[in-house]
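From just these sequences and the hints, can you work out the full model?
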Amino acid sequence: METQAVKEKIAQMKSKYLDEAAADQERKSSFSDEKKASAIKKKLVHLESLRCQKMRSGEDLAEVEAKISKLKTDFKSL
Numbered sequence: 235m236e237t238q239a240v241k242e243k244i245a246q247m248k249s250k251y252l253d254e255a256a257a258d259q260e261r262k263s264s265f266s267d268e269k270k271a272s273a274i275k276k277k278l279v280h281l282e283s284l285r286c287q288k289m290r291s292g293e294d295l296a297e298v299e300a301k302i303s304k305l306k307t308d309f310k311s312l
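Residue numbers for the sequence shown follow the working numbering, so the first one is 235 and each next one is one higher.
Just so you know, these hints were derived from the structure itself, not from any lab. Fair warning: there could be bad hints in the mix.
Straight line, CA to CA, 35 angstroms or less: simulated DSBU-like cross-link-like pairs of lysine-lysine [unchecked claim]:
no.: 1; residue 1: 310; residue 2: 288
no.: 2; residue 1: 277; residue 2: 250
no.: 3; residue 1: 301; residue 2: 275
no.: 4; residue 1: 310; residue 2: 276
no.: 5; residue 1: 275; residue 2: 310
no.: 6; residue 1: 276; residue 2: 304
no.: 7; residue 1: 269; residue 2: 304
no.: 8; residue 1: 306; residue 2: 276
no.: 9; residue 1: 288; residue 2: 304
no.: 10; residue 1: 301; residue 2: 270
no.: 11; residue 1: 269; residue 2: 301
no.: 12; residue 1: 276; residue 2: 250
no.: 13; residue 1: 248; residue 2: 270
no.: 14; residue 1: 275; residue 2: 288
no.: 15; residue 1: 270; residue 2: 306
no.: 16; residue 1: 276; residue 2: 288
no.: 17; residue 1: 310; residue 2: 269
no.: 18; residue 1: 306; residue 2: 269
no.: 19; residue 1: 270; residue 2: 310
no.: 20; residue 1: 275; residue 2: 304
no.: 21; residue 1: 250; residue 2: 270
no.: 22; residue 1: 270; residue 2: 288
no.: 23; residue 1: 288; residue 2: 269
And the structure:
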């Protein structure tokens, strides 16, 4: 094989295997972030409903609001 043909073959193999592996890794990490975000959203919905229930019954909201603010900062950091 000529050197040009070898270089082309290497470039093809690189784009086929290495670039796909990097893209696949990126897809996996974004899926993980989406899963974490979904879990945080579910927890926030639960805490917001709990906060409303406590507000209606006249109980202290400080603990629930602290948890809500912590989850919101976790969500923003994703």
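- Message: Hinted pair, alpha-carbon criterion (35 angstroms max): residue 250, residue 270. Please report holds or violated.
- Response: At roughly 31 angstroms apart (the allowed maximum being 35 angstroms), residue 270 and residue 250 satisfy the hint.
- Task: Would you check the hint for residue 270 and residue 306, treating anything up to 35 angstroms between C-alpha atoms as holding?
- Result: 12 angstroms, holds
- Query: Has the given pair, residue 276 with residue 250, been kept, meaning a C-alpha gap of at most 35 angstroms?
  - Reply: Not OK: residue 276 and residue 250 at ~39 angstroms, beyond 35 angstroms, violated.
- Quick one, are residue 310 and residue 276 close enough, alpha carbons at most 35 angstroms? 15 angstroms, holds
- Query: Are the Cα atoms of residue 288 and residue 269 separated by 35 angstroms or less?
  - Reply: Between residue 288 and residue 269 the Cα gap is close to 29 angstroms, so the pair holds against 35 angstroms.
- Message: What's the verdict on residue 301 and residue 270, does the C-alpha distance respect the 35 angstroms limit or exceed it?
- Response: 16 angstroms, holds
- Query: Under the criterion that the straight-line Cα-Cα distance not exceed 35 angstroms, is the pair residue 301, residue 275 satisfied?
  - Reply: 13 angstroms, holds
- Query: Hey, residue 275 versus residue 288, does the alpha-carbon distance stay inside 35 angstroms?
  - Reply: Roughly 20 angstroms separates the two Cα atoms, so the pair holds.
- Compare the distance between the alpha carbons of residue 288 and residue 304 with 35 angstroms, and conclude whether the hinted pair is satisfied. 19 angstroms, holds
- Task: Mind checking the alpha carbons of residue 269 and residue 304 for me, to see if they're no more than 35 angstroms apart?
- Result: Distance of about 18 angstroms is within 35 angstroms: holds.
- Message: For residue 276 and residue 288, compute the direct alpha-carbon distance and say whether it is at most 35 angstroms.
- Response: It holds: about 19 angstroms lies between the C-alpha atoms, which stays within 35 angstroms.
- Can the restraint linking residue 270 and residue 310 be considered satisfied, given a maximum Cα separation of 35 angstroms? 12 angstroms, holds
Hint compliance for this structure: hints 2 and 12 are broken, all remaining hints hold.
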